[in-house]
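Given chain U, work out where chain W should sit, using these hints.
Those sequence lines, one after another, are chains U and W.
Using the working numbering, the letters of the first sequence map in sequence onto residues 8 to 274.
Using the working numbering, the letters of the second sequence map in sequence onto residues 173 to 484.
These aren't lab readings, by the way, just hints derived from the structure by calculation.
Keep in mind that a hint or two might mislead.
Unchecked claim - Here are some of the chain U residues that sit facing chain W, going by a computed Cβ distance under 10 angstroms:
hint : residue
1    : A59
2    : L150
3    : R154
4    : A162
5    : G170
Yeah, the Cβ is synthetic: ideal placement off N, Cα and C, and Gly gets one too.
Below are the chains, spelled out letter by letter.
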Amino acid sequence: MVSEFILRAALAGIGVALVAAPLGCFVVWRRMAYFGDTMAHSALLVAAAAIAFDIDATLGVFVVSVLVALALLALERRGGLATDTLLGLLSHSALAVGLVVMGFMTGLRLDLFGYLFGDILAVGTNDLILIWGGGAMILAVLLWIWRPLLVATVAPDVAAAEGMNPARQRLIFMLLLAGVIAIAMKIVGILLITALLIIPAAAARRLSRTPEMMAVMAAGIGALAVAGGLGAAVAADTPAGPTIVVAALVLFLIGLIPWHGKAAEHG
Amino acid sequence: MPQTARAIGRDSAPNTAGGVLFRAKGIGVQRSGDWLIKGVDLTINPGEIVTLIGPNGSGKTTTAKVVLGLLQPDAGQIERAPGLRVGYVPQRLSIDDTLPFTVKRLMTMTGPADDDAISRALTRAGVGHLADAAVQRLSGGEFQRALMARAILRRPDLLVLDEPVQGVDFAGEVALYELIRNIRDELGCGILLVSHDLHFVMAETDRVLCLNHHVCCAGTPQSVAADPEYRRLFGPRAVEALALYQHHHDHAHGPDGEVIPLESRDPAAHSHGDGAVCRLDHAHEHDHGHYGRSHNPDDIDPIDPAGATDGQ
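If we strip away everything but chain U, and leave its shape as in the complex, we get:
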């Protein structure tokens, strides 16, 4: 007796998790967790505009995330400020400006909460089409650039010296990340998108021997976290987005327990 809206929510959440987790592996490998955060936080500005003009925010979030990523790359190249300083500056400024702008719009507090923490139970059929359609496209591109992106992650100079184009792989990766942020925003909200990217990846690390295995494991763990978190949220009447993140955290913690076989194997 699962109601239709919960089924839709589960399908949407799992769809996002299956895309976010493999991409999240690269976020972890490239040490870009904070970078993803910054891109996501900038989405709040778009959300404010979307609420004001009553339009769908997805495309706007994608575009603004890409712009922020490009701005970050340009600022990084110019030098002067350390990357983490730059990221903190942009990330929190974007969040603060978004909140201030939203403060001018009266009667939108509930919408604001939805953008910050997600509103997975309000997912409609159109959202599902967007998530699975967009997600499939993102995964297809990721699969297509997998090897060069991995080389660009591991040894960008070697890749460039041996005739590959790591800068292009990085740009494509940014676009994919922006795409995931745009489709994940409704599910877990702006503040928690990075969690859906990196926690399943971190949980999968200890269970994996190859990069590919880690991506697949992360996708599985992400989907499991969505299913478990959603179930717990419905049962305990807690906010769904944060509960999903808590479920992912629990899976990560379970993975930390050194069970006998694994411990023996590692000596």
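The following block gives chain W in isolation, referenced to the frame of chain U:
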């Protein structure tokens, strides 16, 4: 002797026999108004080992990056053999611990290869037993060997090695240079070696380029060592080191001047020869302690009285 080695290299070079691999004329690289390098001429032929030496910050890495195509020069011309296959062995890769990445995986990083070829290349480089080890767990020397195995697998026309012996102990250093020489002899590729280490590099090298933002001097190890510019830059002690070195060179190439591969050498003679050089050079290391650091003449001070006594 270098001539002999070059001839052997050319015979086994498949694609680029006779042609110049890379030529740079008067290249300069500018950063915020300063010339990191200026007026550098550099030619690399197949089967030839060219060594870049110079103090820290003298533009060695900048020059190597131009050769690799990672940096575009702001002045001068570069010329690359068409279809040039480049192999690059960097000092270190920063691979995050969260990435499960084995040595075997490193081998197929930029292109597929069959398991047989991979294990042969790894064994050739002396790290066959590390195929399934995580790259993050390798020591400096093991990592360099793994990267060289990758280079062997790729069969490059031009191999660029950036300070390959940094962080490697002395015995490992001897062995790594032996491996580099063997790669050259087998593949017939041109090798550009960036080094801060005078004594060892110079033994196997055909040409030395001494950089200090510009080319101070260039030529065979012997002619560079005799160059007053070189003596001015590195001090008289460096020339002493070179003398030891040539001694090692003779031994490594056999008494009749032929290049003798490592495997075919008499094991007893080999270990004896290397051991003798090791001892001499090791004492020398301790005696002024610039190993792995700089060659600024000011830095060459006795740091270990016992070692210094041994070395004299």
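Evaluated hints:
Because the closest C-beta pair between A59/U and chain W is about 40 angstroms apart, greater than 10 angstroms, the hint is violated. The beta carbon of L150/U comes no nearer than 16 angstroms to any beta carbon in chain W, farther than 10 angstroms, and the hint placing it at the interface is violated. Hint status for R154/U relative to chain W: holds, with the closest Cβ pair at about 8 angstroms, below 10 angstroms. With a cut of 10 angstroms, the hint placing A162/U at the interface with chain W holds, because the nearest CB-to-CB distance is about 5 angstroms.
For G170/U, the suggested interface contact is upheld, since its CB lies about 7 angstroms from the closest CB of chain W, less than 10 angstroms.
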